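> The primary structure of each chain is shown beneath.
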Amino acid sequence: MSENHSATGEQTKRHRVEGPQKHIIAFILSLVLTIIAFAAVAAGEINTTFVYMILVVMAMIQVFVQLAFWMHLKDRGHLFPIISMIAGVVFVFAMVIMALYWVWW
Amino acid sequence: MSAHQHAEGHLPHEPEKATLEGRNKVLGFWIFLGAEVVLFGTLFATFIALRHRVEDGPDPAHLFELPMIFAATMILLTSSLMSVFAVQAMHRHNVKALIAWLYPTVLLGLSFLVLEIYEFTHYVHEGHRMNTSAFSSAFYTLVGFHGAHVAFGILWISLLIGQLYKKGLTVVTAPKVYVSMIYWHFIDVVWVFIFSVVYLMQKVG
Chain H
64 MSENHSATGE
74 QTKRHRVEGP
84 QKHIIAFILS
94 LVLTIIAFAA
104 VAAGEINTTF
114 VYMILVVMAM
124 IQVFVQLAFW
134 MHLKDRGHLF
144 PIISMIAGVV
154 FVFAMVIMAL
164 YWVWW
Chain L
69 MSAHQHAEGH
79 LPHEPEKATL
89 EGRNKVLGFW
99 IFLGAEVVLF
109 GTLFATFIAL
119 RHRVEDGPDP
129 AHLFELPMIF
139 AATMILLTSS
149 LMSVFAVQAM
159 HRHNVKALIA
169 WLYPTVLLGL
179 SFLVLEIYEF
189 THYVHEGHRM
199 NTSAFSSAFY
209 TLVGFHGAHV
219 AFGILWISLL
229 IGQLYKKGLT
239 VVTAPKVYVS
249 MIYWHFIDVV
259 WVFIFSVVYL
269 MQKVG
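Protein chains in written order, with this note's numbering: chain H, 64 to 168; chain L, 69 to 273.
These are calculated hints, taken from the structure and not from any lab test.
In this text the structure is predicted, and so the values were computed from the model without any measurement.
Beta carbons: idealized from backbone N, C-alpha and C, even for Gly.
Heads up, a few of these hints could be off.
[To be verified] Using C-beta positions, here's what the derived DEER-type ranges look like:
(1) L:His120 x H:Leu142: 37 to 45 Å
(2) L:Asp127 x H:Ile160: 46 to 54 Å
(3) H:Val153 x L:His78: 37 to 45 Å
(4) L:Ala139 x H:Val153: 30 to 38 Å
(5) H:Ile91 x L:Ala129: 25 to 33 Å
(6) L:Leu95 x H:Thr111: 37 to 45 Å
For reference, chain H alone in the conformation it holds in the complex:
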């Protein structure tokens, strides 16, 4: 068992296994963004357009935080994953705009 521990220790020195701090910060950030979004709706009596803007901004920030930290898109060697996500977004916008044009104009 001790042999195994020393092997892991060497790994730690060479590769600097990342700690949980960044991920806990990402979690707390997601938590705060979610609470802001729910609170904005629960408060009521705020301008509807303003609440919509808050919801969109909070959702976008939270999605970027989770993609970057939890899905490791900020790490090295993730160019192709980023391209495939962007491609998915571009495709879906192209499809929706096409459908809108087809149905309503």
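Given chain H, work out where chain L should sit, using these hints.
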């Protein structure tokens, strides 16, 4: 015992990226997620287009209950954090800790699913059925598709736990775990849009 530790001692730092097959699996899975973005994006567009077609059915502002949605959001967010710790345990080559983090991941996913089933039966009692209106059809298709993804994820990760018990952590099992954790985070990312666009925005407007 010795065979297991021997394998552990020789595992590279990121065992999911140690082999070409593992790297291809991760890349291929990201391309699949790009396609999932298109799938969910079109369902969201359909929902946004049909959200006011309530017909005789219940009004979303009265139907949706914020505390239940908030609880579901917290459960899925915490589950996502558990799977982050699972991947970190995997990078430390600690199979026991990896499995120990996968259990709460699956159990929280399961409680999310139970809550969603309760929510849907409650809606049906309120007269909000699949065939009530264009709004209800779009709602059940979008949220139900997400729920089906959660159900599949639970099944998938449960099978991986069994495989980890049987085969331990190797360069073959590591990419499977990594990919399933990416999938689990993606489900949480989709849920962020669902609670914002489907629940909160309909509650306001």
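> Could you run down the list of hints and mark each one as holding or not?
Verification of the supplied hints:
The given range of 37 to 45 Å is respected by His120 of chain L and Leu142 of chain H, whose C-beta atoms sit roughly 41 Å from each other. For Asp127 of chain L and Ile160 of chain H, the Cβ-Cβ distance of about 30 Å falls outside the hinted range of 46 to 54 Å, so the restraint is violated. At roughly 43 Å, the beta-carbon separation of Val153 of chain H and His78 of chain L lies within the given 37 to 45 Å, and the hint holds. Ala139 of chain L and Val153 of chain H have their C-beta atoms about 35 Å apart, which keeps the hinted 30 to 38 Å range intact.
Remark: the range hint 25 to 33 Å for Ile91 of chain H to Ala129 of chain L is upheld by a beta-carbon distance near 31 Å. As the Cβ distance of Leu95 of chain L to Thr111 of chain H is approximately 43 Å, the hint placing it in 37 to 45 Å holds.
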